[in-house]
Amino acid sequence: MPTFISVRRLLLAGACLLGLTPLAHAQSDQINLDAGLPTRLEDAYPTAWGNREFQLPVRYQRSRQGDNLVQYTPTLEFGPFRNTQLAVAVPIYSGNGDRSGSGNVQVSGLYNFNTEGKFLPALALAGTLTVPTGLRSEGTDYNGRFILTKSFLGTLNRLHLNVVYFHNSQPGVLAEGNELKQERLDRFALLVGYSTRISPQSSLVLDFVREQRRFRGELGSSLEAGLRRQMNPRLVLSAGASAGLGTDADKFTATLGLQHAF
Amino acid sequence: MSPKPTLAVGLALLLSACSASNTTTEPRKEVSYIRGPYNAAFFRRHGPSEAYSGGFHFHHGREHDVLLQTKLADREKVDADFDAQVFDYVKNQKTKVGPTMELFGPYTARVMWKLFRTIDWTHQHHEQTYDIMASQRVAWDKKKEWTDRAVRLYLKRNAGVARSVAPLDITMRRAATMMKPYFTYYRNFYPKSNSQAWVAHWWHPAAYEAQMISGNADGGQEAALKAVNDLMFNEVYKNRPQRMLLSRELMPRYARMSPESANIFDNLHMLHGLAYDILSYEGWTEQQQRDELYRVIDAMSYQPGDEKYVRKFDLPYPDVDPRQYPAWMASPEGSMSKIMMEMMMEMMPLMMPDMAPDMKEKMMAQFQMKMRPGMEPGEIEGSLHDAMMKMMPDMKMMPGALEPGKTPEMMRDAMLKGWQEKYGNMPDAPPLDMSHEPTLAAFGR
Chain X
0 MPTFISVRRL LLAGACLLGL TPLAHAQSDQ INLDAGLPTR LEDAYPTAWG
50 NREFQLPVRY QRSRQGDNLV QYTPTLEFGP FRNTQLAVAV PIYSGNGDRS
100 GSGNVQVSGL YNFNTEGKFL PALALAGTLT VPTGLRSEGT DYNGRFILTK
150 SFLGTLNRLH LNVVYFHNSQ PGVLAEGNEL KQERLDRFAL LVGYSTRISP
200 QSSLVLDFVR EQRRFRGELG SSLEAGLRRQ MNPRLVLSAG ASAGLGTDAD
250 KFTATLGLQH AF
Chain C
0 MSPKPTLAVG LALLLSACSA SNTTTEPRKE VSYIRGPYNA AFFRRHGPSE
50 AYSGGFHFHH GREHDVLLQT KLADREKVDA DFDAQVFDYV KNQKTKVGPT
100 MELFGPYTAR VMWKLFRTID WTHQHHEQTY DIMASQRVAW DKKKEWTDRA
150 VRLYLKRNAG VARSVAPLDI TMRRAATMMK PYFTYYRNFY PKSNSQAWVA
200 HWWHPAAYEA QMISGNADGG QEAALKAVND LMFNEVYKNR PQRMLLSREL
250 MPRYARMSPE SANIFDNLHM LHGLAYDILS YEGWTEQQQR DELYRVIDAM
300 SYQPGDEKYV RKFDLPYPDV DPRQYPAWMA SPEGSMSKIM MEMMMEMMPL
350 MMPDMAPDMK EKMMAQFQMK MRPGMEPGEI EGSLHDAMMK MMPDMKMMPG
400 ALEPGKTPEM MRDAMLKGWQ EKYGNMPDAP PLDMSHEPTL AAFGR
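Residue numbers (numbering that gives the first Met the number 0), protein chains in the order written: chain X, 0 to 261; chain C, 0 to 444.
Worth flagging that the hints you see were computed from the coordinates, not collected in a lab. Note that the Cβ used here is the ideal one computed from N, Cα and C, for glycine as well. Take these hints with a grain of salt, some might be off.
As the list claims (entries may be wrong) - Derived DSBU-like pairs (lysine-lysine); straight-line CA-CA distance at most 30 Å:
no.	chain 1	residue 1	chain 2	residue 2
1	C	K361	C	K307
2	X	K149	C	K191
3	C	K95	C	K113
4	C	K395	C	K421
5	C	K359	C	K307
6	C	K70	C	K389
7	C	K28	X	K117
8	C	K237	C	K143
9	C	K76	X	K117
10	C	K143	C	K28
11	X	K117	C	K361
12	C	K405	C	K359
13	C	K93	X	K149
14	C	K359	X	K117
15	C	K95	C	K191
16	C	K90	C	K191
17	X	K117	C	K395
18	C	K95	X	K149
19	X	K149	C	K28
20	C	K389	C	K141
21	X	K149	C	K395
22	C	K359	C	K70
Said to hold, decoys possible - Derived list of chain X stretches under chain C, where covered just means 3 residues or more per stretch with a C-beta under 8 Å from a C-beta of chain C:
no.	region
23	151–164
24	187–201
25	208–215
As the list claims (entries may be wrong) - Taking CB as the label site, the calculated pair distances span:
no.	chain 1	residue 1	chain 2	residue 2	range
26	X	L152	C	D297	45 to 55 Å
27	C	R148	X	V104	50 to 60 Å
28	C	T284	X	T139	20 to 30 Å
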C-alpha cells in the first residue's frame, strides 16, 4: 500500500539520520531556524561566516486526495560573507503524488541586516531561484521572503514573521479527474511562528501558515510543530509534523531533518 | 496613500533603522569555527569534561541576564539560587554541548551583543585548543604548530573582538578599571556565584595541564582528566579558590608552549569578571553599562605590538600537578592579587600624594578585603572606589575615572609606566620542548 510504503520510507530515513549521530561532528545551532528543518518557518539569522553545512530534510506529505509524496532535499549551505547565507539544493520527490519539480536546482540566499535589539526585531531578506532542471518543470521561478524575529519578556521566547512571495514564470495546467487546474502566476504565503529553548540542547518550533496554494482558487492553512536537538557541537537533528486546516491544505506532513557542519 | 507605497516606505524605514542604528541594535557578524583535523576531538574523547565545561559556560551566559534583570537588594537570594543552579548544571552534566552565550543570556544578547561575540569567539578558541590537545590525529610534536595556527586565525578572522595575546598584567593596566565605581561589586555582593566562576577558571587551566602531562596515547588524557574532575567535586568545590587563578600558575607547561593562547584565556577570564562587575552596578543606565563594557572590551582586545610581551610573565609553579589542590591554589594570594597590588601602588601617588602612613595602612587593609570575595567584618560596603572615597573623601579622582565609557588616561599611563619599569626587561618565559611526548607513567602516579 502506498501509505504504508511511504511511512516506512520515512521511518527508515529517520533511522538512518539517527544512526549517523555517533559519527557525526558538526557545528549547528538548535535555535537558528532554517525553512524545512523541521517546519517551513525561517528565522532572520544566517549561518555563520565561513560555515559549511550539509542539510537533509525528508518530508512526507499526505494530500487530501490520499496521495503520498516524500521530498528529500539535500542542501549545501554556507556563509560566504558576514551576515550572508547561500545555499544550493536539489529536491528529489518520490511517491504517487505530484512529483513535478523533482530534480530542480534551487539557489537561495539570505541577508541579515541586524541582530535584534531591545526593541527592534532582527530583519532579513531571503530569496530563491529555481532552475527548471527537474521533472515537468519549465521556466525559472523565484521567490522572496521578508523575515522578522523578535524575542520577548527578556527570554529566548521568539516570535517570527515570514512573508513569502512566489513567482511561477510559466504556469501550467494539470488535469485532475474531469477538472483542469491552472497554476498561479504569483502567490503569497504568511507564516507566523514561535520558537523557544525547552532544554539545554533542544528547541521547540510552532507556527501557523496561511498560503495561496499552487493552483488557482486554492487557499491553505496549516499548523506546524517541530523539535530541534543539538546532538553534538556540529550536528542538529529535527523532527516535525503539520496538519492542514480546511479543504485545500495537505492533510498531514511529517519531517525529519539533519544539519551537519563540516 | 495606497497600501503599496505605505508598505514600501515602512519597510525602507525598518531596514534603515536595523542596519544603521548602532545604539539600538548591532550587526550579527557571527563567525564559524576554524576547520582542522582536530575538530570536536575533545567532545568525542572527553565527553564528561566537555559537559562540565558546558556547565561552566551556562554560568557565564546566564549570569549576565541574572545580574541585569535582578535588583542588587535581592542579591543574597539570587546569589544562593544561582550558585545551586550552576552546581546542578555542572555536576549533573545538564548540557553535553558547550552553549553559546545567547542561549542562556538572551536579554544581554539584545542590549550588548558585542560582549557575546567576544566571549563566544574566544570560547571557540578554547574549544579549538582543547581539540588540538585531545586529537590523536595531531602528533605531539605538531601540537604547537596547530595551536599557533589556531591563534593566528583567531586574531585574524574576528579582529574587532579577539582578545589580546599580551599578559593580563598589561591589559588590566590598559583597561584601568580599578577606580571605576563598579570594580569588585561582583565578588563582594555575589560571592557564591563569583566563586563558581573561579572554580571554572581553576578547571580550565587544570584541564589543559592534564592534557600537557599525559600525551596523546590512549588512556593518558582520560585518566588525567578524570583525576581533575574527581578533584573538582571532592576538594575544589568544597574549598573554592578565593581568587582567579592565572594560566602561568596552573598551566605553566601549556603557557610555555603557547603563551599567546594562555594570555588570551586570562584576558577572557578577567573580562568575565569585569562584565559581571559592570552589570551588577546599579549606578548607571543600561546604555552607560554598555558604553563602559565596550570600552573595556576594546582596551583588552588584541592590538598590534602585543606580540612583544607574550612571554613576559613568571612561572611560580613550573612543575605543578593539576591533579592536586594544594593550599596555594585556594588562597586569595597569588599572581592575580600581585597584579592588583602593583596597580594600586602605581596609582596611589596620583590620587593620594600626601597620604599619612597610618591612613595608607588602613587603605591597604580595605584593599585586601575588597579583593577577597564576600564582605568581611570591618569592610566598607560597595566597590573599591566606594571604600577609598569613604576613607578619604578628598581623594583626587582622575578625569575619566567615574564616567562610563571613558578611560582614566593618567592612571592608565602611570600603571603602564610602572609595569615597564618593573618588568620591561624581565626574561621571557622559556619555550617548551614538544619533541618528546609525555606520559602519566613518567610523570608519576
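Exercise for review: Starting from the range 45 to 55 Å, see whether the pair L152 (chain X) and D297 (chain C) falls in it by beta-carbon distance.
Suggested key: 31 Å, violated
Exercise for review: Sort out whether K28 (chain C) lies within 30 Å of K143 (chain C), counting only the CA atoms.
Suggested key: Within the cut-off at roughly 29 Å; holds.
Point to revise | 30 Å limit on alpha-carbon distance, applied to hinted pair K95 (chain C) and K149 (chain X) | key: 27 Å, holds
Review point. Under the criterion that the straight-line Cα-Cα distance not exceed 30 Å, is the pair K90 (chain C), K191 (chain C) satisfied?
Key: Satisfied, since the Cα-Cα distance of roughly 16 Å is no more than 30 Å.
Check your understanding: Can the restraint linking K149 (chain X) and K191 (chain C) be considered satisfied, given a maximum Cα separation of 30 Å?
Key -> Not satisfied, since the Cα-Cα distance of roughly 33 Å exceeds 30 Å.
Review point. Given the hinted pair K76 (chain C) and K117 (chain X), is their alpha-carbon gap at most 30 Å?
Key: 27 Å, holds
Review point. Are there three or more residues in the region 151–164 of chain X whose C-beta lies within less than 8 Å of some C-beta in chain C?
Key: Holds: 3 residues of the region 151–164 of chain X have a Cβ under 8 Å from chain C.
Point to revise | Straight-line alpha-carbon gap K93 (chain C) to K149 (chain X), limit 30 Å | key: 27 Å, holds
Practice item. Sort out whether K395 (chain C) lies within 30 Å of K117 (chain X), counting only the CA atoms. Key: 38 Å, violated
**Study point:** Given pair status - K307 (chain C), K359 (chain C), alpha carbons within 30 Å
**Key:** 35 Å, violated
Practice item. Mind checking the alpha carbons of K359 (chain C) and K70 (chain C) for me, to see if they're no more than 30 Å apart? Key: Not OK: K359 (chain C) and K70 (chain C) at ~34 Å, beyond 30 Å, violated.
Check your understanding: K361 (chain C) and K307 (chain C): Cα distance at most 30 Å?
Key -> Given that 30 Å is the threshold and the Cα spacing comes to 38 Å, the pair is violated.
Checked against the numbered hints given earlier, the structure breaks hints 1, 2, 5, 8, 11, 14, 17, 20, 21, 22, 25, 26, 27, 28 and satisfies all the rest.
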